[in-house]
Amino acid sequence: MADLILILISTVLVNNFVLVRFLGLCPFMGVSRNLEAAFGMSLATAFVLTLSSSVSYLIHQYLLLPLDLAYLRTISFILVIAACVQLTEIMVRRQSPLLHQVLGIYIPLIATNCAVLGVALLNIQQAENFVESLFYGLGASMGFALVLVLFAGIRGRLDAADVPLPFRGTAIAFVAAGIMSLAFLGFSGMARL
Amino acid sequence: MEFQRLDAPYVAPRDSVPVLMRKVLYALVPAVMAHVWFFGPGLVLNILVAALFCAGGEALMMQLRGRKALPALSDYSALITAVLIAFALPPLTPWWVTATASLFGIVVAKHLFGGIGFNVFNPAMAGYVAVLVAFPVHLNFWIPPSMGDLDYQALNIFQSMTFTLTGTLPDGMTFDAISRATPLDTVKSGLNTMHTFQEIHANPMMGDFGGVGWEWVSNFVAIGGFWLLSQKVIRWHIPVGVLAGMLIPAGIMSFLQAGVHPSPGFYLFSGGVMLGAFFVATDPVTAATSTKGRLVYGLGIGLFIYCIRRWGSYADGVAFSILLMNMAVPAIDYLTKPRIVGHLKHERETA
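From first to last, the protein sequence lines are chains A and B.
Okay, so the first sequence: first residue is 1 according to the numbering used here, each after it adds one.
Okay, so the second sequence: first residue is 1 according to the numbering used here, each after it adds one.
Only chain A is shown next, with the shape it has when bound in the complex (with noise of 0.2 Å):
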C-alpha cells in the first residue's frame, strides 16, 4: 500500500510529466486555452493513459520478453496506444453522444501525445507489478490534468492581463510554464523510485 502511495506521489507531483519530464507540452499548450476544453483533454487523456501502460505492461511481460522481441517494444506500444484511442473513440461515440461531442477532436489527439508513449516506456522500467504499472498510469494521468487545470486558470487570468505586446498570448503562456516547472522543483527529494 505504501509502495503504491508512493508511486502516486512521485509521478503526480515529484516526476510530473509534463513540468519536470516537460512530456506531453502539446497539449499543455494546445488545450490550455479554456477551462471546458482543458477539463475535457484531462479526463480523455487519464483514461487512455492508465489502459495503455497497464496494457502495454502486460503485452511487454507476457509477450515480448517470453519470445525474446524487447527491440519491438517502442512499435508495440505505439500500436497498443492507437488501439486503446481508438477503442476509446468507438465507445464514447457508442456510450454517450453528447460527451462525444463535448470531447470529439481531443480524442484522436491523444495519440499524438508523447507523454503517452513516454509513460508506457517508463512503466515498464519502473512498475514491478501489474497493480503498480496500474498505479503508474493512473498517477501519471492524474499530475497531466493537475497541471492542465490549473494551467488553463492561469491562461485565462493572463488573457485579462495587460502582458506586453511582444509577449502576450504563447510566450507569456510558456514563461508561466516555466516559473510552474521552477515551484515543482521543490518537491525535489520526496519521493525516489
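Calculated directly from the structure, the hints in this document are not laboratory data.
All values derive from a computational prediction rather than experimental measurement.
Be careful, since some hints might not be right.
[To be verified] Far from chain A, some chain B residues (derived; all Cβ distances over 10 Å):
id : residue
1  : MET33
2  : ALA59
3  : TRP96
4  : LEU103
5  : VAL108
6  : THR174
7  : MET194
8  : VAL233
9  : PHE320
10 : SER321
11 : MET327
[To be verified] Residues on chain A that point at chain B, a partial pick, calculated with CB under 7 Å:
id : residue
12 : ALA111
13 : LEU146
14 : LEU150
15 : ARG157
16 : ALA161
17 : ASP162
18 : VAL163
19 : PRO166
20 : VAL175
21 : MET180
22 : LEU185
23 : GLY186
24 : SER188
25 : GLY189
Heads up, the beta-carbon is just placed ideally off N, CA and C, and yes, glycines get one too.
Dock chain B against the given chain A, drawing on the hints supplied.
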C-alpha cells in the same frame, strides 16, 4: 461660482497603494533590526543591492513599454520585492546573485505578466527560487548568530562589503570557519543520519525553539505582522492558514513519533515561515481573494512547507510553497466564488 461636484462613493478611500506599501515597509523595520543584531550587516547590503536592481529593472521595463517610470517607482512595490529577496538570501551573498534574483523577479515574474496587479507569481519568491535553483552553492553561506556562548568569527562591515562586491573573504578566513549550517539544515541532515530530533536539538545553537538568533528574528517578523493586522493592511485568514497548515501536520506527526519528526515549535520559529505567512503569502495580487479561498490558499502553503521541510531535498520550502499555491489561485478563486446577495446556495451556478 461653480460648485465642486462629486460622484459616489463620497467617502475618500483611506488607503492607496503607496500608503499600504509604505506600511508594509515600516512593519519590516523591527525584523531588519533583529536580523542585523544577530547576523551582522549583510542583510542591509543585500537590501541595498536588491533595491538598486529592482528599481532599475522596474524603470527599464516602464521605459521599454513607453510609459513613465516615476509613478511605478513611487508606489514602493519594487522596494518591497527587494527587501523580501534580501531577507530570503543569506547575509553573505555575492552582489550578482542578488542582482539576478531581483531582475528575474521584477522583469520576468512581474513586468512580462503586465506589471503591478497582473503578476500571477510573487516576484520576490520567483526571483529567489530562480537563484536557489541556478546557484545553489552561493546560497550556502549562512553565518551563525553572534551570541556570546557560541565560538564564531564575525565579519566586520568592511569585510562584509568586500564579500558582497567581490565574493572574496579576507586573508586567512575560510568559509568553513565563518559559515554554519542553518538549524533547518542541521535537523534535516541529522535526521537523515539516524539521530533523533531530541539529540539534534540538545545542541546549544538550537536555542529554545527554532535556533539561537533565528527564533528572535521570527519573533520580530511576527511583531511587524501583528502591526499590519492591527492596521488592517492584511487580514488574518492567510497567516492563520499558513501557520495552521504547517503546525497541524507537524503536531500530529511529532505526537506520533517524537524522535523522527521535529516539533511544531521548531518549525514555527525557524527559517522563513513567519516572513512567508505575514509578508509574502498576503501579497494582495497573487493571493486568493475570497474569504474561504484565502483560508484554503494559506492551508495549502502551510502543508507544502511542512512536506518540503520534512521530506524534500531543500531545507526550507516557503518560497516553493508560495509559488505552488500562486499557481492554484485562479482555480481556488473559481471554486470559492462567494454567494451573490439575494441568491440561494444552489443558485450559484446560474448567478
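Comparing the hints with the structure gives:
For MET33 (chain B), the condition that its CB be more than 10 Å from all CB atoms of chain A holds, with the nearest at approximately 30 Å. Consistency note on ALA59 (chain B): stated as away from chain A, and its beta-carbon is indeed over 10 Å from all of that chain's, at 15 Å minimum. Here TRP96 (chain B) stays apart from chain A, with its beta-carbon at least about 19 Å from theirs, past the 10 Å limit. Non-interface call for LEU103 (chain B) relative to chain A: holds, since the shortest CB-CB distance, roughly 14 Å, exceeds 10 Å.
Here VAL108 (chain B) does not stay apart from chain A, with its beta-carbon only about 6 Å from theirs, under the 10 Å limit. Against chain A, the non-interface label of THR174 (chain B) holds: every CB pair exceeds 10 Å, the least being about 28 Å. For MET194 (chain B), the requirement that its beta carbon stay farther than 10 Å from each beta carbon of chain A is met, with the minimum near 17 Å. Every CB of chain A is more than 10 Å from the CB of VAL233 (chain B) (nearest about 24 Å), matching its label as outside the interface.
Non-interface call for PHE320 (chain B) relative to chain A: violated, since the shortest CB-CB distance, roughly 3 Å, does not exceed 10 Å. Residue placement check: SER321 (chain B) does not keep its beta carbon more than 10 Å from all beta carbons of chain A (closest about 7 Å). At roughly 5 Å, the least C-beta separation between MET327 (chain B) and chain A is not larger than 10 Å, which violates its mark as non-interface. Using the Cβ-Cβ criterion of 7 Å, the hint placing ALA111 (chain A) at the interface with chain B is not satisfied: the shortest such distance is roughly 28 Å.
With a least beta-carbon distance of about 9 Å to chain B, the hint placing LEU146 (chain A) at the interface is violated under the 7 Å criterion. Given the 7 Å rule on beta carbons, the hint for LEU150 (chain A) holds: about 5 Å separates it from the nearest Cβ of chain B. Here the hint on ARG157 (chain A) is kept, as its CB sits about 5 Å from the closest CB of chain B, short of 7 Å. Interface restraint check: ALA161 (chain A) against chain B, minimum CB-CB distance 4 Å, threshold 7 Å, status holds.
Here the hint on ASP162 (chain A) is kept, as its CB sits about 4 Å from the closest CB of chain B, short of 7 Å. A hinted interface residue such as VAL163 (chain A) counts as satisfied when its beta carbon comes closer than 7 Å to some beta carbon of chain B; here the least separation is about 5 Å, so the hint holds. Proximity of PRO166 (chain A) to chain B is violated relative to the hint, the smallest CB-CB distance being about 9 Å (cut-off 7 Å). Look at VAL175 (chain A): its Cβ gets to within about 6 Å of chain B, closer than 7 Å, so that hint holds up.
A hinted interface residue such as MET180 (chain A) counts as satisfied when its beta carbon comes closer than 7 Å to some beta carbon of chain B; here the least separation is about 6 Å, so the hint holds. Here the hint on LEU185 (chain A) is kept, as its CB sits about 6 Å from the closest CB of chain B, short of 7 Å. With a least beta-carbon distance of about 3 Å to chain B, the hint placing GLY186 (chain A) at the interface is held under the 7 Å criterion. Checking SER188 (chain A) against chain B: minimum C-beta separation of about 5 Å stays under 7 Å; hint holds.
The beta carbon of GLY189 (chain A) is positioned within 7 Å of a beta carbon in chain B (closest approach about 3 Å), and the interface hint is therefore held.
The earlier numbered hints that this structure contradicts are 5, 9, 10, 11, 12, 13, 19.
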